[in-house]
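Residue numbers (the working numbering), protein chains in the order written: chain A, 1 to 281; chain B, 1 to 299; chain C, 1 to 472.
In short, the hints are calculated from the structure, not lab data.
For clarity, every value in this text was computed on a predicted model and none was experimentally measured.
Here a beta-carbon is modelled for each residue, glycine too, at the ideal position from N, C-alpha and C.
Among the hints, a few may not be true.
To be verified - Pairs of lysine-lysine, DSSO-like flavour, derived with a Cα cap of 27 Å:
{"no.": "1", "chain 1": "B", "residue 1": "K152", "chain 2": "C", "residue 2": "K158"}
{"no.": "2", "chain 1": "B", "residue 1": "K102", "chain 2": "A", "residue 2": "K10"}
{"no.": "3", "chain 1": "B", "residue 1": "K102", "chain 2": "A", "residue 2": "K13"}
{"no.": "4", "chain 1": "C", "residue 1": "K379", "chain 2": "B", "residue 2": "K152"}
{"no.": "5", "chain 1": "C", "residue 1": "K119", "chain 2": "C", "residue 2": "K91"}
What the hints assert, rightly or not - If the Cβ cut is set under 8 Å, some of the chain C residues that face chain B in the computed set are:
{"no.": "6", "residue": "Y236"}
{"no.": "7", "residue": "P424"}
{"no.": "8", "residue": "L425"}
{"no.": "9", "residue": "S431"}
{"no.": "10", "residue": "S442"}
{"no.": "11", "residue": "L444"}
Here is how the chains run, residue by residue.
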Amino acid sequence: MRRINLLEQKIRKILTVVGVLFTSCFFVAPYMVMVLASLSSADQLLLTPPNLLPIPPHFERYLAVAFSNEFGPTIINSLIVSSFATVTTLVITLPASYGVTRFRIKGRTSLLTLFIALMAFPSVGIIGYLYDLIRAIGLFDTTPGLILPYVAFNIAVSVWVLTNFFKAVPIEIEEAAALDGCSKMGILLRIVIPLIKPGLMAAALIVFINTWNEFVVALVLTITNRARTIPVGIASFQGIHETNWSETTTAAVIASLPVVVLAIFLRRWIISGLTAGAVKK
Amino acid sequence: MQSKPRIGEPLYLYFLPAIAFVGVFLLASIGDIIYLSFHYFRLASPLQENGIFVGFQNYWNLLTDGRFQQSLLTTVLFGLASSAGTVLLGLAVALLANQSFKGNSFYVAIMVLPWAVANVVAGRQWSFLLQPGMGLANYFLFYLGIIADPLKFSALSTPLGAFSAIVVATIWKSTPFIALILLAGLQSIPRELYDASEVDGAGMFSKFRYITYPLLTPFVNIGLLFCGLGAMGSLDIVYIMTNGGPGTSTNIFPLFLYKTYFMAWDFGLGGAASVFLMIFTMITFFFLVRSLIKYVVRM
Amino acid sequence: MSEPKKVDRRNFIYAGLGAVALIAIGAVAYVAMNPPVVTQTVTTSTTVPTTSVVTTTVPTTSPTSITIHQFIHANDPARQYEVAMPAAWAKVNPNIRVVPIKMPSGYTEGELLEVNTAKARSPDIDIFNIDVIWGPLFADNLWVEPLDDILPPSEQSKFIPAMIDSMTWNKHIWAVPWMYDQGALWYRKDILDEEGIKVPTVSEPGWTWDEFISICENLKEKYPDLAPYIVDQFKYEEISCIWTEILASNGGAFFDEDGLIRVNDSQGVEALQKWYDMVNKHKIFQPGTLSMQLDPARVMFVDDAKGIFHRNWNYVWGTSLEATSKVKGKIWVGAFPHFPGHQSAHCEGGWNWAISAGSLHKKEAKEYVKWLTSYDVMKAIMLAGGYSQARIDLYNDPDIQKVWEPAGVYYNLAKYTVSRPKHPLYLQISSFIQDRIHGCLSGLSTPKEALDGLADDLAKLTGAGISPLVKK
Numbered sequence: 001m002r003r004i005n006l007l008e009q010k011i012r013k014i015l016t017v018v019g020v021l022f023t024s025c026f027f028v029a030p031y032m033v034m035v036l037a038s039l040s041s042a043d044q045l046l047l048t049p050p051n052l053l054p055i056p057p058h059f060e061r062y063l064a065v066a067f068s069n070e071f072g073p074t075i076i077n078s079l080i081v082s083s084f085a086t087v088t089t090l091v092i093t094l095p096a097s098y099g100v101t102r103f104r105i106k107g108r109t110s111l112l113t114l115f116i117a118l119m120a121f122p123s124v125g126i127i128g129y130l131y132d133l134i135r136a137i138g139l140f141d142t143t144p145g146l147i148l149p150y151v152a153f154n155i156a157v158s159v160w161v162l163t164n165f166f167k168a169v170p171i172e173i174e175e176a177a178a179l180d181g182c183s184k185m186g187i188l189l190r191i192v193i194p195l196i197k198p199g200l201m202a203a204a205l206i207v208f209i210n211t212w213n214e215f216v217v218a219l220v221l222t223i224t225n226r227a228r229t230i231p232v233g234i235a236s237f238q239g240i241h242e243t244n245w246s247e248t249t250t251a252a253v254i255a256s257l258p259v260v261v262l263a264i265f266l267r268r269w270i271i272s273g274l275t276a277g278a279v280k281k
Numbered sequence: 001m002q003s004k005p006r007i008g009e010p011l012y013l014y015f016l017p018a019i020a021f022v023g024v025f026l027l028a029s030i031g032d033i034i035y036l037s038f039h040y041f042r043l044a045s046p047l048q049e050n051g052i053f054v055g056f057q058n059y060w061n062l063l064t065d066g067r068f069q070q071s072l073l074t075t076v077l078f079g080l081a082s083s084a085g086t087v088l089l090g091l092a093v094a095l096l097a098n099q100s101f102k103g104n105s106f107y108v109a110i111m112v113l114p115w116a117v118a119n120v121v122a123g124r125q126w127s128f129l130l131q132p133g134m135g136l137a138n139y140f141l142f143y144l145g146i147i148a149d150p151l152k153f154s155a156l157s158t159p160l161g162a163f164s165a166i167v168v169a170t171i172w173k174s175t176p177f178i179a180l181i182l183l184a185g186l187q188s189i190p191r192e193l194y195d196a197s198e199v200d201g202a203g204m205f206s207k208f209r210y211i212t213y214p215l216l217t218p219f220v221n222i223g224l225l226f227c228g229l230g231a232m233g234s235l236d237i238v239y240i241m242t243n244g245g246p247g248t249s250t251n252i253f254p255l256f257l258y259k260t261y262f263m264a265w266d267f268g269l270g271g272a273a274s275v276f277l278m279i280f281t282m283i284t285f286f287f288l289v290r291s292l293i294k295y296v297v298r299m
Numbered sequence: 001m002s003e004p005k006k007v008d009r010r011n012f013i014y015a016g017l018g019a020v021a022l023i024a025i026g027a028v029a030y031v032a033m034n035p036p037v038v039t040q041t042v043t044t045s046t047t048v049p050t051t052s053v054v055t056t057t058v059p060t061t062s063p064t065s066i067t068i069h070q071f072i073h074a075n076d077p078a079r080q081y082e083v084a085m086p087a088a089w090a091k092v093n094p095n096i097r098v099v100p101i102k103m104p105s106g107y108t109e110g111e112l113l114e115v116n117t118a119k120a121r122s123p124d125i126d127i128f129n130i131d132v133i134w135g136p137l138f139a140d141n142l143w144v145e146p147l148d149d150i151l152p153p154s155e156q157s158k159f160i161p162a163m164i165d166s167m168t169w170n171k172h173i174w175a176v177p178w179m180y181d182q183g184a185l186w187y188r189k190d191i192l193d194e195e196g197i198k199v200p201t202v203s204e205p206g207w208t209w210d211e212f213i214s215i216c217e218n219l220k221e222k223y224p225d226l227a228p229y230i231v232d233q234f235k236y237e238e239i240s241c242i243w244t245e246i247l248a249s250n251g252g253a254f255f256d257e258d259g260l261i262r263v264n265d266s267q268g269v270e271a272l273q274k275w276y277d278m279v280n281k282h283k284i285f286q287p288g289t290l291s292m293q294l295d296p297a298r299v300m301f302v303d304d305a306k307g308i309f310h311r312n313w314n315y316v317w318g319t320s321l322e323a324t325s326k327v328k329g330k331i332w333v334g335a336f337p338h339f340p341g342h343q344s345a346h347c348e349g350g351w352n353w354a355i356s357a358g359s360l361h362k363k364e365a366k367e368y369v370k371w372l373t374s375y376d377v378m379k380a381i382m383l384a385g386g387y388s389q390a391r392i393d394l395y396n397d398p399d400i401q402k403v404w405e406p407a408g409v410y411y412n413l414a415k416y417t418v419s420r421p422k423h424p425l426y427l428q429i430s431s432f433i434q435d436r437i438h439g440c441l442s443g444l445s446t447p448k449e450a451l452d453g454l455a456d457d458l459a460k461l462t463g464a465g466i467s468p469l470v471k472k
């Protein structure tokens, strides 16, 4: 048995190394090309064959783009919109998913089906309606005008992610707490939510990224940099015929940085090692 | 034992905000879409009177449209290929990320990169990679000996090449999301199960087969579901990389829907297509959906 | 059980505080970057290769002033419409303040934005920026105002005829052309001079497609590293432009005089067959031509100098003078080939200013548009390095010819342009064209099949019948 374990360790190690290398290359390659393009002189990478090394590297472009009058405000707006949308979505869907998982109420299945059906929602058809609605409310070209629809769009996804994690929590813990006299909201807040931290972080990341990269709705519901978000800002680097590739790629890299940073930061929370091992007391 | 509602505890409050949001923003517009699908409404140059009730005429026109039929077939193939690829790769990535090795955090950061870029940007980058002469993918394939001339081979110019390209690009874009869900799922499997199985003499593969896979199944299911339901997202990627070309060989249904709305400006037909998309998706994923609901509802 | 509880709550509090702090910093930064100002100093950035730097101070606006909003293109060369023109206008009429709103220019998103705004008759926008192909759509739906008062027929004749025609619908004119774009044949003068090949200009009899093809094949042998003809034939609007040109160069058309469909008649099939042969039989295009888009193609011709002929629009000249260009002074522009017995055809492109029907300041918006499209203002824009403008006489003006050398060629070209089909649903027609033509070029159908299919599509969409010119 020891020998098998040793061989297995070796195989596992080799598989891990090879797998990590291959998948890393696959994931990084297009991104790396984008970063190189953002640092290169114009059109260097569009030549045949492409001139890959950015010499000299134009780091100052990042500052110029990030603090420019056109792109800078979109970064702020995106931060505001995505953060608020994420927090609001979580606050709304945590009780809803918990209820759907645990409460034995009539119409539970229908509710679940509704939330799944909403994920299949073709957002293309909603644009006209959304535009009219937001204008009627008076939130056109404002950040709340973006946050509210985004929350609505992400409720279904969030419910589904959280539901699965709630389900993984053993019922005995909650029963124990109920026996101790804890109210249902208390159970939810004090016991269950800490146990599903990986799911919470996953849901938060998902909603954040969905709203961060969303383009069509943002295009239609905003018109000035008062509320325009990053994807629309990136599209604004495109001229009728020419596109300033250096600036576009720089903006795209800047746009992706917060998400990467967030993922790294949240990684500790996701891989926190908390398990449902609290069953045995 | 299921938590029974205590008297006086307002359960509906748990659901009210969610349903309110969804109702105002989504359900009302679905109603609008369904209503329009039974009427004739074209924004320009209508052939009939705008706004008249036409029953199922829009649906009939849709189903008998050759482009629609081809688009449906293409979409099914595309959906199968990209979902399977995404889940498989996502599973592999999640398993890898779950190992403890030096640079684990770094790997997670890399893993998130495709997800961090917008769909439009991803489509554009892959488009560049696949250009003959200036794209690195060609040189890569050349060094692997797969193609003969990196300056001449153009993947996006042939139907099969274009289809493969959009599948690969979609897999690249969607894998991190699925991998993240699977990873969090892997993390929720108690270590004790693995330790206990080791005592019983289980090897790597047995552990996977008897512990990991069954406990991960609901997460895999939801991953597949997300892949399928997130089909609208691949619209940008296909639009930029091939715009449905060459000819109509990569004209997936979301693109067809987008063109019906914003090129034909036909809201009646678009409504019918949207309704069709929703029903089709629900039916396709019926079993998956049912097992998921059962999993949640089961006690 | 109690320990995790305390730790978790603290962590959440930290996260909450962090989020609040981040948002607070963001809010402060946002306010700092967008202070509510009364006076502004406006400068142009230096990312554009222009030697002029426009610096003006906009005077304080009086309380009775009116603000009008105008859609302009993003990435506007020399920032003429974004900065220079509103500033100059403020001196002419300080009571009308112009606020440019940038719209993304690529991939039809700009169109989506504008149509959505127009559909709602929103008062947010006063001046629309419409493509030549959107004219009938906006006019039919009465989203824009008729401009017969600021653009009477006497004035209309001074603009590019094809553009005026595109903006005329139901016996009114609905927009004022401002940006003039024209498809033309760019080529490497240095290489062709060496070979002794002379590219015809528009007014000359010109060469046929067969002559052009044999020239390209010879050049391909002599210069194996260069692509004879670089054209962006990705499946997008350009396909419709090129098809319009090739079809017209054989005397074909989409509709005949009675409005019946004739795109699949013998002239149409012959034209498509020739194009198909150029792609697949003679192979005179660059590798990957069916999936290459406009700017990469232009880079290949200008910055990489890897082509001999190149089909593109007006802006190529400006890019050839930049530092990245390898063909400075080596390129020139000429006429497309045609079929024997017919004329060469060049596709018209460009943009127009229209007044929104939902605007609350139509009179003021009209004033601004009239000023903006006057001869002197257009000349100033072109001299500063902005887009090529839509008045024909500008291209005969010696000042412009000094700054923009191909102006003389375009002066002649302006009268020989062809337009794409004029129809409110042109966008869908274009989508059909792209489907069928690109499919044929990729080898998925024969020219006859493709064009018959296109005729079917057009019949179903427009309700028009098939012309008797089409013989079965």
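Structure-based check of each hint:
1. K152/B to K158/C: Not OK: K152/B and K158/C at ~46 Å, beyond 27 Å, violated.
2. K102/B to K10/A: Roughly 16 Å between the alpha carbons, so the hint for K102/B and K10/A holds.
3. K102/B to K13/A: Holds: K102/B and K13/A sit about 12 Å apart, inside 27 Å.
4. K379/C to K152/B: With a Cα-Cα distance of about 44 Å, the restraint between K379/C and K152/B is violated, given a limit of 27 Å.
5. K119/C to K91/C: Cα-Cα ~34 Å, so violated.
6. Y236: 6 Å, holds
7. P424: 4 Å, holds
8. L425: 5 Å, holds
9. S431: Because about 5 Å separates S431/C from the closest Cβ in chain B, which is inside the 8 Å limit, the hint holds.
10. S442: Interface hint status for S442/C: holds (3 Å vs cutoff 8 Å).
11. L444: 4 Å, holds
The structure fails hints 1, 4, 5 (numbered hints given earlier, in ascending order).
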